[in-house]
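Asks: Residue numbers (the working numbering), protein chains in the order written: chain A, 955 to 1202; chain B, 48 to 536.
Please note that the accuracy of each hint is not assured.
Here are the simulated DSSO-like pairs of lysine-lysine, each with C-alpha atoms no more than 30 Å apart in a straight line [unchecked claim]:
1. 436(B) <-> 968(A)
2. 221(B) <-> 1093(A)
3. 221(B) <-> 436(B)
Partial list, computed: chain B residues near chain A (C-beta under 8 Å) [claimed, not checked]:
4. 195
5. 487
6. 502
7. 507
8. 513
9. 517
It is worth saying that the hints were derived from the structure and are not from the lab. Backbone N, C-alpha and C define an ideal beta-carbon position, used for all residues, glycine too.
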Amino acid sequence: MLSISNLHAEIDGKPILKGLTLDVPAGEVHAIMGPNGAGKSTLSYVLTGRQGYEVTEGTATLDGEDLLSLDPSERAARGVFLSFQYPLEIPGVPALTFIRTAMNAQRKARSEAEITAPEFLKLARTTAASLKIDFEMLKRALNVGFSGGEKKRMEIFQMAMLSPRFLILDETDSGLDIDALKIVADGVNAMRSPDRAMLVITHYQRLLDYIKPDRVHVLAGGRIAESGGPELAHELEREGYDKYARAA
Amino acid sequence: MAAVKQTVEHVESLEKYKHGFVTDIEQDFAPKGLSTDIVRFISAKKNEPEWMLEYRLDAYERWLAMDEPEWAKVYFPRIDYQDSYYYAAPKEKTGPASLDEVDPDILATYAKLGIPLREQEVLAGVKGAPRYAVDAVFDSVSVVTTFKKELAEAGVIFCSMSEAIREHPELVKKYLSSVVPVSDNYYACLNAAVFSDGSFVYVPPGVRCPMELSTYFRINAENSGQFERTLIIADKGSYVSYLEGCTAPMRDENQLHAAVVELIILDDAEIKYSTVQNWYPGDPETGKGGIYNFVTKRADCRGDRAKVSWTQVETGSAITWKYPSCILRGESSVGEFYSIAITNGRQQADTGTKMIHLGANTRSRIISKGISAGRSSNTYRGLVSAHPKAKGARNFTQCDSLLIGKTCAAHTVPYVEARNGQCVFEHEATTTKLSEDQLFYAMQRGLSQEEAVQLLVNGFVKDVLQELPMEFAVEAQKLVAISLEGSVG
């Protein structure tokens, strides 16, 4: 599925990623943990093609196709989805309009027919119900005046609607109380499948109690400092990131 | 900042103005320049009665004594009023009696603009779509008015101004210049002297006009000014919705468009007036050419509970100087102003409204959305005032500005005057920049950069778009996209 090799990236000439190598096979969930400033969010932005994040060396491919040469929208059409740490407010654009526009843009890019209004509404209703989102909320401008928890839930809603193949969750647990966290985790777990893969970026181990990873990686100093099974997350929770910070 | 930079570049690479073609037809010109002889020439060309000629000559005398206003935040070289044509008309004997007599080239021009002049085209349109009657003004004269018969059956008069002067002199004498006095301002006064044509509407008491009325203005001739005059009277308890659209060819010289629109609304009547203005904006790089759009629009709610609503989508013109205003004279009368003003390239706009509360319990509402891109400058200028007798007057104003890129400017200049202690005026204003974060967010979901800008901009102007008559809202939405072309595809 996703294959990153010796990735170097910088912002405004400042190197952040320094030779990151990572493979996430289809069907697996990998967690990326690490101290603040290690480059976790940078990794998510580099993979999704945000401007200003300059790749100087290395490759990133999705099912063998080079991602780095594609526009953000082209990557989205190929199934790359990022659940933002800080979702943006879109004034004047109802959530449903936003998602439908995005969905049809992706379909168009894949030379598929647009989704019909009845199909879309049906899908939106069932998806909203499964995430305990009030359907009326979807008629309001996306994220405008939403609480932190509601915004995160909207991210998962968009993810479920767009049905991507490669999912990146950037600090999805931040700002969530325990009930909201469970709902969000249920939504994410419902999307686990043999032909999907996920990258879960988190500072704390808490989220991983609900979204169980197959592999855990420590990102420190711009590269993967250590990899292991789920037990690595617990170890980090106990011992912190000090030793990696020193190593970096 | 890379995405924003790219947007700026896209915006700056604004594609060719879509309506920039010239129609090659035989024209009748008055000699260049302005003098009493030219005023007499125009009046004679139009077979006007003596009283109209006197009106024009009086206006011309007054205009000579006036100075151009300089308070607006727009900059342009002095206009040489002697270097322009004040009358240009498609060559023909008299006014056309029917569509078949209209020069096919002119009809082709309107077809190119997507204006359905032929009734059958309107009828052949989308099933259930409301029909609308069209008055088409080509340079100085009205070339055709459609649906006249059906409107006449309802008692509605919809014709060119020249025709109204000939056929309905009593109405014209009574109402012309009763809202915008002859010497109201420099450009309005010039208009009174040399106005060529425009639309006239009278809706009798209790009549709800059976269809949308619209006028399309087209400047075609070189070096010619367009001075149209529109007069709409909604008699007691009547209703009419009116839309005007404007385009012009691409020219290297600036062309002056100084129109006057007067609306009179009597007791319990309502006028909804919408404008989609897309005059040639000039070259986006050099700023060369483009229309000077110096327009005076004013509505007089003369009756109690009268209502007027101005909705404008202003995307064209090199310079816009325009303040559609409401005089709220009748008790409990209502004035509304909804505006989208987009400037790009080197455009300059100084636009807004005046809400003048004279009567008790009058209400007004202003929603203004300004979008600046390129190296343009966009100013909202508005006045809300309450007379001592306007007890219980209410106003709500919302002025939002959106900036795209780093080289454009937005200004808000609100004037608020309350001359009694019993009115409530609210003013809200915001200025935001189209953010790179929002663009990336939308693009990550699958939208191209152009689609993302379009979605965000449409979200920004939504409150105003929904005030337009349904069938024009879509058109306006497209126009918003076109005027930010390059960034919005």
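Asks: Could you run down the list of hints and mark each one as holding or not?
Replies: Consistency of the hints with the structure:
1. 436(B) <-> 968(A): Judged against 30 Å, a Cα distance of about 67 Å means the pair is violated.
2. 221(B) <-> 1093(A): The hint is violated at about 50 Å.
3. 221(B) <-> 436(B): holds (26 Å)
4. 195: violated (39 Å)
5. 487: Check passed: Cβ of residue 487(B) comes within 5 Å of chain A, closer than 8 Å.
6. 502: holds (6 Å)
7. 507: The hint holds - residue 507(B) has a Cβ within 8 Å of chain A, the shortest such distance being about 6 Å.
8. 513: violated (10 Å)
9. 517: Given a least distance of 17 Å, the restraint on residue 517(B) is violated.
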